Structure formats: structure tokens, C-alpha cells
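*Asks:* Single-letter residue listing:
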Amino acid sequence: MTQSLLHQILDHANRANPYPIYEQLRKTPVHHEDGGPYVISTYYEIRSLLHDPRISSDARNLASTARDPLAEPAREESALPPGFLRLDPPEHDRLRRMTNRPFGPPHSPHRVDGMRGELHDIVSGLIDGLGDPGRIDLVEQFSYPFPVTVICRLLGVPREDEARFHTWADTLAASLDPDPDADPTERGKGAHDARMELGMYLAGLIEERRTNPGEDMLSQLATAKGEDGPMTTMELLSTAALLLIAGHETTVNLITNGMLTLLRRPDVLERLRADPRLAVPIVEELLRFEPPVQLVPQRTTLADIEVRGVTIPKGASLWLVLASGNRDPQRFEDPDRFDPDRRDIQHLGLGSGIHSCFGAPLARLETQFALSELARRLENPRLLEDPPPYRQNAVLRGPRHLPIACDGIRP
Amino acid sequence: MIGDGSLERFRREGRIVVVGASLAGLRAAETLRDKGFAGSLTMIGDEPHEPYDRPPLSKQVLLGKAAAERTALPRLRSVDATWRLGVPAAGLDMAARRVRLADGDEVPYDRLLIATGVRAHPWPREAEAQLDGVFVLRTRDDSAALARRLEAGPKRVLVIGAGFTGSEIASACRERGLAVTVAERGAAPLVGALGGVVGAVAAEMQREHGVDLRCGVMVTALEGDASGRVRAAQLSDGSTVETDVVIVSLGATRNTEWLAGSGLGAGPRGIACDAGCRAFDIRGIVTDDIYAAGDVARCPHPLFGYQFLSLEHWGNAVSQARIAAHNMISESTDRIPHMEVPAFWSSQFGVNIKSVGVPSLGTEILISQGSLKDHRFLGVYGYQGRVIGAVAFDHARWLPFYQELIETTAPFPPSFPTVDRRSDGQRPIDADFPDPSVPTHGPTVTLGGYSPADRRMTFTPAH
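Chains A and B supply the protein sequences, listed in that same order. Just so it is clear: in the first sequence, position 252 is 280 by this note's numbering, and no numbers are missing. Just so it is clear: in the second sequence, position 451 is 929 by this note's numbering, and no numbers are missing.
Everything labelled a hint here was simulated from the structure, so no lab data went into it. This one's a predicted model, so the numbers in the text were calculated from it and none came from an experiment. Each hint should be verified, as a subset may be incorrect.
[Claimed, not checked] Take a look, some chain B residues computed to stay more than 12 Å from chain A by CB distance: (1) Glu-486; (2) Gly-514; (3) Thr-520; (4) Asp-581; (5) Asp-752; (6) Tyr-784; (7) Gly-828; (8) Arg-854; (9) Leu-856; (10) Ala-874; (11) Leu-877; (12) Pro-878; (13) Glu-882; (14) Arg-900.
[Claimed, not checked] When the alpha-carbon atoms are kept at most 30 Å apart in a straight line, the in silico DSBU-like pairs for lysine-lysine are as follows: (15) A:Lys-253 to B:Lys-832; (16) B:Lys-851 to B:Lys-513; (17) A:Lys-253 to B:Lys-513.
Just so you know, even glycine gets a beta-carbon here, dropped at the ideal spot from N, CA and C.
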């Protein structure tokens, strides 16, 4: 008997190329296997549901009977309240609004753009330090350290603490990976410890910033006195943890998926080398073609709702398979073709609606810098393994390692 | 065009004239070229400037964050047109297919697109309107002149009319720290477009930001000093406002006078056209060579009872222009109707306001998300048991959902729970649109009968 589509999505064997499964899935836009989540795979339906106020992101609205193979075990045991990603309005709106004040327009229109120089320096430093061009693991040596360093700078984590920070981030990111083969108790304990240590570290940092504020985001969040009042320490901690996790795990994969895609298409890589401005449309097409967040599993229904003739009952678990919607031929012409010249590209790679990616402007800029600099500086780069080994994670999908080689590194 | 190759010939070597060189005119020209029209294209505009964008004129320009001169619309492609700028069209000879210009020149066409838009309604007393310091705001030059005057730091600004433009101007003035009085004939700002329930929120926003808002009053006279500078305004309640800048924001007049006597179905309510943007003549017969798009056009909308809607909305101008352009160079069977759901946005007092559908058709409103008190909410408008419009104050990301409800004529009030439903939203209330027999400053949407020669204005809020 063939494996259910749901299991095929989760099966690591399909990680390198899940797109044929998504194609199968789209034949039933609302896919439901007994007791499991309702899986939505077509572009227009996903986009509608992302704007639907009958859909909640708050796990407390999930019916106890809804079974979800991705439900995070023992998350409730963590000491932190959920970040705004897992909250509904009005709490979501308040926290996101407050977090946005030091990050983006209208109050901080230049924050992200002002990091250009710093991003360039970090990228250059990492490429300078790649070492033996005969064997580079792009994940370990570049796409992973880059966004973590950026988030440290953004939050105001002192440089001498960055190494510790990297370790916690690594452990926590691994814990988001629902690996069925790993010992859940062991993994849970490691994550719990990392979360505790990170929490205590951040709490200390926040305390320090309250009395001695700098220009960083943590200082501004800790001392904010806007119309929404101050954030509580717990809110600050969960927000900082959210920025940390969501802010880098996705970018790692976007950069790695991007370089993998370009190495498979040397003509596009060469065009980017000749014209770094091409990085902008390349990153947009990447967000459509290989989005780092493949699906949003954290939604539930507040009412019985009808989608394409199927009634999804109240309290059901919903999966919105963004990566499948992005390859829906009903929406995109020739969707399995990577085409940086594509004009009409309203992809779902960063979500849509109130939970649309908070860090999108930073993620875009980071990836544009990363890809254009790698294209410019690596001489004759090539893949050593295709496909490369993938992480277990079906949600945050990307290679675990990306072994590449090149003839040398240009200054 | 009867399949004899004449359409092909027209696409190759025909003559298209576009009257109106603003957003709709430019986007139509681009679409014509995009779709392969290779004939001659003439763009006629009464202003000397190349097409520019208007939304910044009442916002960023007045704040000194953008220069009025640098608001040129981005060109999506080259249009390879003959530009006749700085000279208005003065007449139309439908039989001879010629547009007459104010300088006496005549431009022949095979097909004509009219996108002449609207102009600001002037202060009705000419002598007072001439006073130094009295402004309207519609054009780039208006905006530049007003921005300069605000930069000089007037003692007080008086805005007459609290529709969207008036409210945005008041907001910009307050952001600049200027003292502002707003005089509104209706019961609240934005009341014509969004009703009294939402208008009350707009009023609160203005007052919280320090605007001296006076509702239910009219300005009866403007007074100047000996050197001809405005110095005060008399109000209908007997009060006087001392001011050195007055902005008249009383809505818009459609630029159709030049069509008088032409036989085209054009009047103060706009140019009546079919859903494919083809203009009607005064006999109610659709023309086949004259099209209209943008603020000046008035089309039947199937979703709103086929009522003729004329909309002063940016998005409407763009989509109508594209549809008109497509239809101008297509076989009759390939023509497409203009079915956009109306949508508009505004930004004032730090709040992003967006709307879909036609709220002013609604009779009831339900606050389905958020709360009026916070000035962050989503209001759904109902008309005869269906959802007809929605407005979002800092809640715009939800609007696509409500647009779907409008498109599918979903029942009102919506029966389902939503995230963030609060006590405001437990049941619908009267949306409180003003009595249509009492004039307010013009509503955004005007509705009328089928005959464009019938010049009676019928505002129809259903009851």
C-alpha cells in the first residue's frame, strides 16, 4: 500500500525534492487523512486562509481531538509564553507593533537599510575565512554564522558572547526539527536547558540595557514607553527568543537553498556575478521556488468553514503548504522553472496577512548580499554533492550541509 | 470591425488620441503599446507636466518629505507618443472624429480615450477665492505652493471640508506643528464616505491630535486685509476664525465641460459608459470609438445592482485604463468588463485607512474585529442582508477576506466568530450615513440613474 501523502511529506527520503508530492497534493486542494490535519496546497485557497479572521494562530483554540504529527511536544513546559507568532489579535498586534517600533517604518525607517555596511563586512569576513577552497561546507562556514551574527548585532548581544549565543541558537533550532528517529526525551532536555540558559542570559542583558540603554533593539524594547505601554520582562524574553529563532533559521535555509539553486544553474550565477543588482529578483524568485518555510502548520479554525466544498470543522488543525501554493500552475506559469526574470511574482514565501514575515526586509537584504558576494568572489564554484544532505525538518526545509568547491577566492 | 482585417489594420496604423495625461491616461497608453498597438498615439494634457502621482501631494509633499516636482509616475514602458501638454482639449466633433484644442488646433482620431479626471471644487465666491493664502489642492502646482506656504509657518490654517483630502491636509499640518481649524458642514469627518459611526472615530482622532474641529458649520465668508491676504473666516454659527492660510477642500468637479454640445453622454456626474468603458452618447447608445477611464468615467457595476459608479480611486483609474485600452484594440468578443471591487486608502493622524466595496451604500455596520475606542478596527457594512463594503483602520491585512465576502454577496451580519471580536462587534448598528437631502461635502461615490442626460443627483443609502 502506498504511504499516505502526509507521511510522504514528513518522510526524510523526500526532503531533497518534495515538489512531486505537492503536485499530488494539489489534486485535492483540501486534503484530509483520518484524524490528521486539513492540508491546503493550492495558491488561492492558501492566500484566502492567510487573511481569514476565522483562522487562529493560538494553539489554545485547537480542539483536543485534533491530531497533528507536527505538534510540538512539551512546548508548554517551557518557561516562556508564546511569541507573537503564536498569538491572535489583539495581543499579537500589540507585541508585533511594539517590536516593530525599533525595527521598521514608520518609526525606524532606516534600521535595516542602515545595516548595509555591517552586513557587507560580516559577509566579507566570512568569505575571507572560508579556508581550503577545495572543500567548503557552505552551511557551517557561511549561511549559518551569517544570520546569527546579524541577529546578535541587531539585538545588541556583545561580541564576546556571540559564541555562546550561537551554541544555544543551534540547539534550539535543532529542537524545532521533529526528527522521529531522535530520542525525544534527550532532545527535549537539551532544548529545555538551552532555552533556560538563553532565557537567563537574555534576562541579564535586558536588565543591563534597562539601566544602560544603547542603540540596539533590545535596549529600545526594554525602555519603550509608547502608547502600548512597556513590554513585561516575560514578553521581552519571548519576543527576543522569537526574533532569534525565526530570524535566523529561515535565512540560513534561504541562503543555502539559493546557492544550491544557483550552482545548479551556472548561467544565472554568471549573470549575478556580472550584475549584483540581479540579486533582488533572484531572491524573490527563490522565495517562490525554494521557500525556507515550506508550510505553516500552526493554524486552527474558530468556526466550521468551507473551503472548496469541504467543511473544515471548528478546532481543526490546518496546514498551509506555502511551497506547494508557490508552484501552483493555476497561479504561476511554468511553476517548476526557476526564472529570475519572472514579472508577476506574488509568492507566498513570506506568508501573507498579519503574520507575514516580520523580518522580511532584513532576510531579503541578507540573502541579496550573501548571494551576490558569493557569486562575485568564488572562482568557478561547483557542487560536490547533489542533492546535498538535508535536515530532517519538513517545515523549515534546507540542506544540513552544502559541500562545494571552487578554484580560489577572489579578493 | 467585422473580421475583414480592419482591426488588424487599425492596430498597425490607426490613430488613438488620449485626452488626459494623468494616471489613467498614462497607464492606458502603456497598455496599448504592451498589447501591440503600433499606430500613432497622441497624449493631450492641460497641465504642462508629464504624468505625476497624486497621493503624495496631500501627504509627503505637505510634510516636506517629498518635492511636488518629483512625483512623476514611474513609466512601466515606453509609450512612443506625441505629447501635447499644457493645452486643454476644448471640444469634440464626434462625426468628424476630431478633438479641438484650446489653442485652436484639431487632432483627428480613429479611437478616443477620455481620461480628463476631476478638478478641485473652487471656493464659490470668486473675489474671496482670489485672496492670497486661499488654496485648493489637486495639482502638483497646488501642492508645491501650499507646501511653501506651510513651510513659512502660518499662525493658523483653516481647512474647509473634512473629507479624505481635507483630513489628510489637517493631519499633515498638525504633524508640522501648525495650528489647524477644520470646518465641516456634516456631523463628522469622512461621514459621506464612511458614515457617522466611523466618522465619530475620525473626529476623535482629529481632536486628539490637536485639531480645532468644528462640525455642523459652514464657512460663510473669507475676509482679506488691505493687501489682499486672507486674515479671517466667518462661520455659520457666528464665530470667526483668524487664519492666514485657507484650504478649500470641498470635493471635485468632473472635467466634462469641454464635451458640452458634442453629443456624448457627459455631464457633471461624469461620462456614462458601459462595463467595457465605451462611452454612451446622449441618446443612450453606446459609441464604438470613444472610451472613458478614471475619475471622469461612470460605469455600471454588476456587483452593486448595475448602478453607475464614478470613483475617485487610484486603483480604479489604473484598472479601468487597462481595460479601456485592451477593449479599444480588441474584437467585440474579446472585450473584457471592468469588474474591480472599489478600494481606496488614506493615511492620516498616524492611522492607515483602507476600504473595499462601497461602504456608502451600506445602512448598517458591524465592528467585526478590534475596537472603535482603540481606533484600530475593521467595520463591515451591510445592505439589505448582504455585505456591501468594509473599512479598516490599521487593520488592512484582513481586507482581502472581506473583499471575498463582498464578491460572493455573503450574508450580513456575518454569522461566524472572528479573532479579536470585542463588545463593539456583538451586533450591527446603524452606520449613520447623513440624510441624502442634506448636502455634505461630496461623497466619494456618487450614484445615479441610467440616463447620463439626467442631471439629478440621487444618493441612495437604501432607506
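*Asks:* Take a quick look at whether Lys-851 of chain B and Lys-513 of chain B sit within 30 Å of each other, Cα to Cα.
*Replies:* At roughly 49 Å apart (the allowed maximum being 30 Å), Lys-513 of chain B and Lys-851 of chain B break the hint.
*Asks:* Is it correct that the beta-carbon of Asp-752 of chain B has no partner in chain A closer than or equal to 12 Å?
*Replies:* holds (28 Å)
*Asks:* Taking the minimum C-beta separation from Arg-900 of chain B to chain A, is that value above 12 Å?
*Replies:* violated (8 Å)
*Asks:* Would you check whether the claim that Gly-514 of chain B is not at the interface survives, using Cβ distances to chain A and the 12 Å cut-off?
*Replies:* Nearest chain A Cβ is 17 Å from Gly-514 of chain B, so the label holds.
*Asks:* Minimum C-beta separation from Pro-878 of chain B to chain A exceeding 12 Å: can you confirm that?
*Replies:* Non-interface label on Pro-878 of chain B violated, nearest chain A Cβ at 4 Å vs cutoff 12 Å.
*Asks:* Using Cβ atoms and 12 Å as the threshold, tell me whether Leu-856 of chain B really stays out of contact range of chain A.
*Replies:* violated (8 Å)
*Asks:* So is Thr-520 of chain B really clear of chain A, every C-beta pair being over 12 Å apart?
*Replies:* holds (28 Å)
*Asks:* Hey, does Ala-874 of chain B actually stay past 12 Å from chain A on C-beta?
*Replies:* For Ala-874 of chain B, whose nearest Cβ neighbour in chain A is about 10 Å away, the distance does not exceed 12 Å, so it is violated.
*Asks:* Checking a non-interface call: every C-beta of chain A should be farther than 12 Å from the C-beta of Glu-486 of chain B. Is that right?
*Replies:* Non-interface label on Glu-486 of chain B holds, nearest chain A Cβ at 27 Å vs cutoff 12 Å.
*Asks:* At 12 Å, judged by beta carbons, does Glu-882 of chain B keep clear of chain A as stated?
*Replies:* Answer for Glu-882 of chain B: violated, closest chain A Cβ roughly 6 Å.
*Asks:* Given the hint that Lys-253 of chain A pairs with Lys-832 of chain B, does the C-alpha gap stay at or below 30 Å?
*Replies:* holds (28 Å)
*Asks:* Just checking, Asp-581 of chain B versus chain A, shortest CB gap more than 12 Å?
*Replies:* holds (40 Å)
The structure fails hints 7, 8, 9, 10, 11, 12, 13, 14, 16 and 17 (numbered hints given earlier, in ascending order).
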